[in-house]
Structures are given as C-alpha cells and as structure tokens.
Amino acid sequence: MTAPGNPHPLLDAHLVADRGGFHLDVALRVRAGEVVALLGPNGAGKTTALRALAGLHPLAAGHLILAGADLDRPDRRVWTPPERRPIGVVFQDYLLFPHLSARDNVAFGPRRRGADRRAARAVADAWLARVGLAGYARSRPRQLSGGQAQRVALARALAVDPTLLLLDEPLAALDARTRLDTRAELHRHLAAHPGATVLVTHDPLDALVLADRLVIVEGGRVVQTGDAATVTARPRTDYVARLVGLNLHRGHAAGHRVRVGGLTLTAADSVTGEAFVAFPPAAVALHPARPDGSPRNIWLATVAGVQRHGDNLRVQLDGPLPVAADVTPAAAAQLRLVPGRAVWAAVKAAETRAYPVGAPTARDGDPAAPGAAGSP
Amino acid sequence: MTARWNHRTRWTRAALAGAVALALALAVTGCADELDPSAGGAGDGVRGPVTVFAAASLTESFTRLGTEFETAHPGTTVTFSFAGSSALATQVNQGAPADVFAAASPATMRAVTDAGNADGSPVTFARNQLVIAVPKGNPRSVSGLADLARSGTKVALCAPQVPCGAAARTALDAAGVPLTPVTLEQDVKGALSKVRLGEVDAALVYRTDATAAASEVDAVEFPESAEAVNDYPIVVLRQAGNPAAAREFVAYVRSDRGRAALSAAGFQPPRA
Amino acid sequence: MPVALLVPAGLGLIFLVLPLAGLLAHTPWATLPQRLAAPGVLTALRLSLLTATVATLVCVVLGVPLAWLLARVEFPGRRLVRALVTVPLVLPPVVGGVALLLVFGRRGLLGGWLDATFGITLPFTTAGVVLAEAFVAMPFLVIAVEGALRGADTRYEEAAATLGAGRWTAFTHVTLPLVAPGVAAGAVLCWARALGEFGATITFAGNFPGRTQTMPLAVYLALETDLEAAIVLSLVLLTVSVAILAGLRDKWTAGP
Numbered sequence: 000m001t002a003p004g005n006p007h008p009l010l011d012a013h014l015v016a017d018r019g020g021f022h023l024d025v026a027l028r029v030r031a032g033e034v035v036a037l038l039g040p041n042g043a044g045k046t047t048a049l050r051a052l053a054g055l056h057p058l059a060a061g062h063l064i065l066a067g068a069d070l071d072r073p074d075r076r077v078w079t080p081p082e083r084r085p086i087g088v089v090f091q092d093y094l095l096f097p098h099l100s101a102r103d104n105v106a107f108g109p110r111r112r113g114a115d116r117r118a119a120r121a122v123a124d125a126w127l128a129r130v131g132l133a134g135y136a137r138s139r140p141r142q143l144s145g146g147q148a149q150r151v152a153l154a155r156a157l158a159v160d161p162t163l164l165l166l167d168e169p170l171a172a173l174d175a176r177t178r179l180d181t182r183a184e185l186h187r188h189l190a191a192h193p194g195a196t197v198l199v200t201h202d203p204l205d206a207l208v209l210a211d212r213l214v215i216v217e218g219g220r221v222v223q224t225g226d227a228a229t230v231t232a233r234p235r236t237d238y239v240a241r242l243v244g245l246n247l248h249r250g251h252a253a254g255h256r257v258r259v260g261g262l263t264l265t266a267a268d269s270v271t272g273e274a275f276v277a278f279p280p281a282a283v284a285l286h287p288a289r290p291d292g293s294p295r296n297i298w299l300a301t302v303a304g305v306q307r308h309g310d311n312l313r314v315q316l317d318g319p320l321p322v323a324a325d326v327t328p329a330a331a332a333q334l335r336l337v338p339g340r341a342v343w344a345a346v347k348a349a350e351t352r353a354y355p356v357g358a359p360t361a362r363d364g365d366p367a368a369p370g371a372a373g374s375p
Numbered sequence: 000m001t002a003r004w005n006h007r008t009r010w011t012r013a014a015l016a017g018a019v020a021l022a023l024a025l026a027v028t029g030c031a032d033e034l035d036p037s038a039g040g041a042g043d044g045v046r047g048p049v050t051v052f053a054a055a056s057l058t059e060s061f062t063r064l065g066t067e068f069e070t071a072h073p074g075t076t077v078t079f080s081f082a083g084s085s086a087l088a089t090q091v092n093q094g095a096p097a098d099v100f101a102a103a104s105p106a107t108m109r110a111v112t113d114a115g116n117a118d119g120s121p122v123t124f125a126r127n128q129l130v131i132a133v134p135k136g137n138p139r140s141v142s143g144l145a146d147l148a149r150s151g152t153k154v155a156l157c158a159p160q161v162p163c164g165a166a167a168r169t170a171l172d173a174a175g176v177p178l179t180p181v182t183l184e185q186d187v188k189g190a191l192s193k194v195r196l197g198e199v200d201a202a203l204v205y206r207t208d209a210t211a212a213a214s215e216v217d218a219v220e221f222p223e224s225a226e227a228v229n230d231y232p233i234v235v236l237r238q239a240g241n242p243a244a245a246r247e248f249v250a251y252v253r254s255d256r257g258r259a260a261l262s263a264a265g266f267q268p269p270r271a
Numbered sequence: 000m001p002v003a004l005l006v007p008a009g010l011g012l013i014f015l016v017l018p019l020a021g022l023l024a025h026t027p028w029a030t031l032p033q034r035l036a037a038p039g040v041l042t043a044l045r046l047s048l049l050t051a052t053v054a055t056l057v058c059v060v061l062g063v064p065l066a067w068l069l070a071r072v073e074f075p076g077r078r079l080v081r082a083l084v085t086v087p088l089v090l091p092p093v094v095g096g097v098a099l100l101l102v103f104g105r106r107g108l109l110g111g112w113l114d115a116t117f118g119i120t121l122p123f124t125t126a127g128v129v130l131a132e133a134f135v136a137m138p139f140l141v142i143a144v145e146g147a148l149r150g151a152d153t154r155y156e157e158a159a160a161t162l163g164a165g166r167w168t169a170f171t172h173v174t175l176p177l178v179a180p181g182v183a184a185g186a187v188l189c190w191a192r193a194l195g196e197f198g199a200t201i202t203f204a205g206n207f208p209g210r211t212q213t214m215p216l217a218v219y220l221a222l223e224t225d226l227e228a229a230i231v232l233s234l235v236l237l238t239v240s241v242a243i244l245a246g247l248r249d250k251w252t253a254g255p
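Protein chains in written order, with numbering that gives the first Met the number 0: chain S, 0 to 375; chain X, 0 to 271; chain R, 0 to 255.
Hint data in this document are derived by calculation from the structure and do not stem from the laboratory. Note that this is a predicted model, so its numbers are computed, not measured. Idealized CB from N, CA, C, for every residue including glycine. Mixed in with the good hints, there may be bad ones.
[To be verified] Footprint (simulated), chain S over chain R, 3 or more residues, beta carbon under 8 Å: (1) 157 to 166; (2) 172 to 186.
[Stated by the list, open to error] Here are some of the chain X residues that sit facing chain R, going by a computed Cβ distance under 8 Å: (3) A158; (4) Q160; (5) T182; (6) G189.
All chains should be built: construct the whole structure from the sequences, respecting the hints.
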C-alpha cells in the first residue's frame, strides 16, 4: 500500500452524471491496492457511479483519471469507450455468457486483448485454478452454483489484469450460507489485487469485511467517508446510523451538554456548535418510575412498538426524543411493555457520544463529501 | 396455395355480390311486375340466381352477356366465377354450387362429363384461335412463328397442361418450328402479362386475350393457328340449383345476341 | 389441465391436420412408385430445396442486420421502416412478383442497368426464383430475429465491452449466439415460406422445368390435368420438408 496522503492516487475521479432526473456528483480517489466500498441505500447512485467508471454511462462533467491517463473528461472532449479501458467488472448477476464454458468466459477478455486462443485458455485455466474451479473449465454457466458463478465472474474480470477492478453487489445474488464462504474468499482475492478496487454494495457487512475505506452515498452525493471504525462510531446520517445500529440525533452542543429535541443530554465528549449525539439501543434503560441515582439523561417516553431483535426485544419509543431501546424479554414482561404505555428512558452519559456536524470524518486527505465542509 | 386463395376470395366476393344483387332484384322486381308485366322476354317465368363457372378467357364477353341476360330476364341475377378451366372443372367435380360450366377446351369439359356432373351433352358455342402477342408497334417485326425461334427472342408460352399451351404446342409442331420458351405460364393471362410488362418479346395467346389488351399489345395472325383451334363447350350442370334459368342462359349465349358479344371479344362462331 | 385450453387446442390441431388427411385419403398408393419416378418430380424437388435454402441464406445475411437495426438503433422513422418490412407479408405474392418485375425486369428500375452493365438478367432464371422467394420470406426472419434481439439482455453486450470487445465483436461473439434460437426459428419459418412460394415465383421467374419450376409450380400445373399427380407432388414436398425440419429441431434441442 502506498503511504497515506499520496498525492497521486491510482484512480482520481469526479463523477458527474445525469440519468433521467437523477443527478450524481461523487468524488472518488483510490490508491493502488486499496479497496473502497461505495455503500448506500437502493437508488443512491452507486451503480450509476460504477457504470460511469466502466464507461457504460458517459460523464456529464468532472473527470476520470486512471493511472495518470484521462479516460473521460467532457470539458476536453476526451472519452475512452469501455472496451479500451483497463478496467474489469464483476456484475451483480455476473452476466456470464451462457453459450460459453467457464474457461471460454474467462478467456474472453484475454482473447479480445490480443492473446491467441491457446494463450488465452492458459490464462483462463490459471485463473480458474486460483479461484478453486480448476475442475469446472468445461462447465456451462447454468451448470455452476451461485458461488461458483461468482468466482468465475471474478476470474473473468481479473484475467485482463485490470488497473481498476469494479464489483457491483458481488454477493447479493447468493444465499446467506454461500455468502459467508464467498465473502471470505473474495476478501483474499481483493487483498491480492495490485490495482485499485471499487466495490458497490448496500450490505454494510460486505463493506466492512471487504473494504479498506467506506464511501457512503445517498441521493447521488457522498455523505460520509472514512474507515470502518470511524464510520461506525460516528454516523452522520440516519441511514448510516441505522446500518450500524445506533440512535442518532442532531442538536446544538455547549461543552458536554447537547440540546436535542426538547431535552438537554449530557455526553461523554465536549463539543461546541452543531453536533451529532449517538448511543446504542442497548444503552437505553427503561424504568416504570423515574429512577434515582446516576443516569443524568432521563425523559418520559411512550412505547410505540415492540419487535423481536435477536435474543432481546427492540422497543421503539415516542416522546421528546424518538429512540430505540433493547431490553431482555424478562424486563419487558416485568415492565408490561405494550404500545401506549409510558416509561422512563435513561442513558448513561458515558455511553452518549457527541461529535461536531461540520468536521470531516475522512482520513488520508480524501476529498470531503461535496456539501460537507472541511479541508484535507 | 395462392391460386386456391384467389378462387376462394373470388367465391366469397361473388357470393356477397350475389346476395346484394338478389336483395336488390327482389326489391326492384316487386315494383317492376306491377309497372311492366310484359317484361318477361323470351324465357317466361325464368327467375332467380344463376351461377356460371367460366374459363378466364371469357371474362369480358360473359360479363357483358350476363348484364344483357339480366335485363332481358328481369328477376334473374347472374354470378360468375372466372378462373382457369381446369381449376373450375376440379371445383365442379368437388360439388361447387354452379349451374353452368363454360370451358376453354373439350378436354377440361370431359373431366366434368366423365364424372357424370353434366346435365345433357355439352355444345360448342365459340372457337378461339392463337395469335402472336407482341408489344405495341411490334418492335421486333414478328410476322410468323419462325421469327420466334430467332436467337435472343424471348417467348412465353402457356404450360402444356393448360389448353392454350396444348394449342401452342400443336401449332408449333405443325409449323415445324423448334422453339424454347423462357417460361411456361400457368394460364394465358400470365403469358400475356409478360408481354405487357416487356419481359418477353412475344407470347402465343388467344386472339380474345390479345383483343382485350389491344391498347398494350398487337396481335400477329399466323396460318398454323388453324391447326389448333380451340372449341369452347358449355353445359348445364347436374348439381344446378336453378336448371331452368341455367338452360335459358346457355340458350342466350348461343343466340345471335350472344354470338355478337363473343365475336366482339375476338371469338369465332362454332363450325356449323 | 384446463379444458378451456385443451378443447380449442385440439380443435386447432384438427383444423391444421385435417386437410393433410384429405390429401392422404386421395393418394393413389398403387401408382405411387411410378408417379414418384416421373422425370419432372426429382428435378422440381431438387430445385425447390436448392432455391429455398439459398433464399434463406440471403435472408439471414441481410435480415439479421436489419433486425438488429430495428431492435437496437434509435433512428427517426424506425416505426415506418418496421411497417415497411412487413409489406411482403401483406402484398399478394403475385403482386409482389409484378413489383419485382417492375424493379428487376428488363424494363425495370434496376433491371435494365443490371443487364447493360453486368449482363445480369434475373427474370426466368433460377436466381430470379431465389430473389422472389427471399422477398416473400424475409419478413418472417426479420420479425423473429428482432423479437429475439429485443428479448435478449443488452447487459451481456456491456459485459463484453468491459472485457475489450468492440460493438462488432460483441455482436458476433455474444449477441448472435444469445439470439441463435431466434435466428434459427426465423430461418425455419423463412425456409418453409420460401419452399411453398408460388405466386411471386411464377410471376417473376416464370415456370420452366429444371430452371424455375419449383414444386409448388409443378403441383399447380399438375392440378390442371391430373389431381392425383398434384397430390403426390404435394406429399413429396410435405414429407421432405417435415423430415428436414424435424431433423433440425432435434439437433438444436439436443445441444448442451
């Protein structure tokens, strides 16, 4: 891996594209050997960004520089068609050519890039062996399991030695069990890939396991970037907070005290100005009567709903601060938690994190999200 | 097959036209009887629809005769189905609802009489003779059958299976002219249209067909055609639904009025 | 099995098969061998198979790109072009033959020039038969292939592009194999239509044994004099075409 702050990332892209009323504006820099996950809800523009990188969707503005070469730069009328970009793509449902064997699918790229039939097949066989499918060279795609097809698709994309590897929801088409094995194996191959990798997913687990860095996209824009630890500890949007399972609220802070909703919460951190407060549902304790003692963040709430959540129950609370709380079934029975019931909610200050809205959470000099303030 | 289809649509159309004409005729005759009771003409009491299957070469002359017949016999309607006589003979033998059959050759008529579908014996009502049809102005100066065998001259004949083709073969044999046509057409109209479109330099067709296309083709008479005169027989059919009117129509075709219409179309009267 | 489907399905099948039964019932089995050995039969059959096959090849070579154009390229007037493609379906074949004469005939728009420049004349030649059959049969191929192309997933072409395939290579190496069943189905329809072609052929190419007299023309002329001969010829045509089509279908479905 290159040193942090390398001024010349392998991929330097500012993707501006329109697709039927949807506007995408995403900046992306990826170093050699780095795996970046574009994470976001459906319709956020992740796939459009991926297609723009691959050359399947033209940029309206911005730029796309890969290994120092301009591939797409509308203002200079520079455009490289997909077949001439050093980019490999693993598509969501793999798109293995159904009329070709696994070997010929993998050999397709090398053949198109000038290798003769024998050489291309040798490359294909080597890649199939690397993904553990040496015995499946002659199989047709429809004879392969989902996991096998995924590995053939990966081998096919890597067989052209791409400078940039793109993966669109690489595990979404697999069942839960296969996904676990395939994810681990994919992680191994991505780590071995010397070029840049951009991975599109809506599954936070895929992103956390496979990527070195996350870029959260919502509504066509980057809302947060950073490594897994930063993003999960300090979510900046409801989407991310929900992904990582935190209660997230935005308020105004003065020292350890944050005004949020109609309440003033006491947080572990000291902040001034606009700030986020975040705490896990497990940190929220419920009481039938106002508790005495240590917790300083206390308010009266109404039970809105109760759902099973793992071994516990997750209680949705209405009130001055709508939050989720996790309680044990025993506690729930004791509290007689039914919708409409009033309870006291309490959160310890030590478990309440506060961080400024304006400050970047990015590291390594990555450009901050458009709209988010801050400098590298 | 295309030709079959054409016949079928023609039937449908004829049936439709017949139904409309019948309705009109009934409406009109209701009044006409009151206005002019003497309008019955020669065949008194003859009325109703008559369906005539006639060789394609009779299209112009019979259509005219049909109108005249209806005028002479108020209350009758004549419906025609014009097609190649062999196809018509097949249809008659398959039980087609026809009253009269007029063929372009005794051979095709024989197919109907042999099958026992004729009511009485056929009579010859006209004769047709071959001519050489050439494009207007006769650009190749064709004056006889021998000219057709010149190299580079494209000639269309009828296929030997149809009457005009058999007649052409007889005439060519009589003249001793070895002729290789470029095409053997399924009927005389097909051969003629190849001349009209300029695709061939000449075709052997019936004089009646050349007469009908006189604005586009010239007819060159040749002596050997006398060897291959085609008799046109007509007969009332056994399956006729309206035998009285059918017999009256046959009589009308053989009358002086009928002969006049046929000779205007290029036919010759039958040998006495 | 819903009766509401089975009953009309059965009726439909009977409707299609009964005329064949009619032919079989009137077949002169006793004289069949002599009739089959009659001199013109084999010649006409060979000519029919040859011209229908060549016409199908012509249709594939010209029709597949045309179908691609209609399915994949947005251009002004595309709907009109699609409607024009079906003209030969609507036109009575005899009229189609006349139209071909008006273009390729001696006095036609192109025919005179073809003759003067290259010495090529098409009417009354075997090539003319191929032309007439291709004209009438091409829409079957274009419509089938266009439908297959519209149903094919264009993302396979994108996948091919990311692997380095230009549009032409993507078309030949990915799109075409993907729509191969559609092309095959279209070619079969096309071939069958060409094999049974009558009206345009006799009008444009005329009828001369060994050169332009295909089976349908032979059948029609046999009908003029000899119903039984016509039936025998029809049966030969039917048997050969059904045998060939059934054989091909097995080959396709037996693929991996």
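Here is what the structure says about each hint:
1. 157 to 166: holds (count 9)
2. 172 to 186: Coverage by chain S holds here, the residue count being 5 at a Cβ distance below 8 Å.
3. A158: For X/A158, the interface hint holds, since the closest Cβ of chain R sits about 5 Å away, which is under 8 Å.
4. Q160: This hint holds: X/Q160 lies near chain R, its Cβ roughly 4 Å from the closest one there, short of 8 Å.
5. T182: This interface hint holds because 3 Å falls under the 8 Å limit.
6. G189: Check passed: Cβ of X/G189 comes within 7 Å of chain R, closer than 8 Å.
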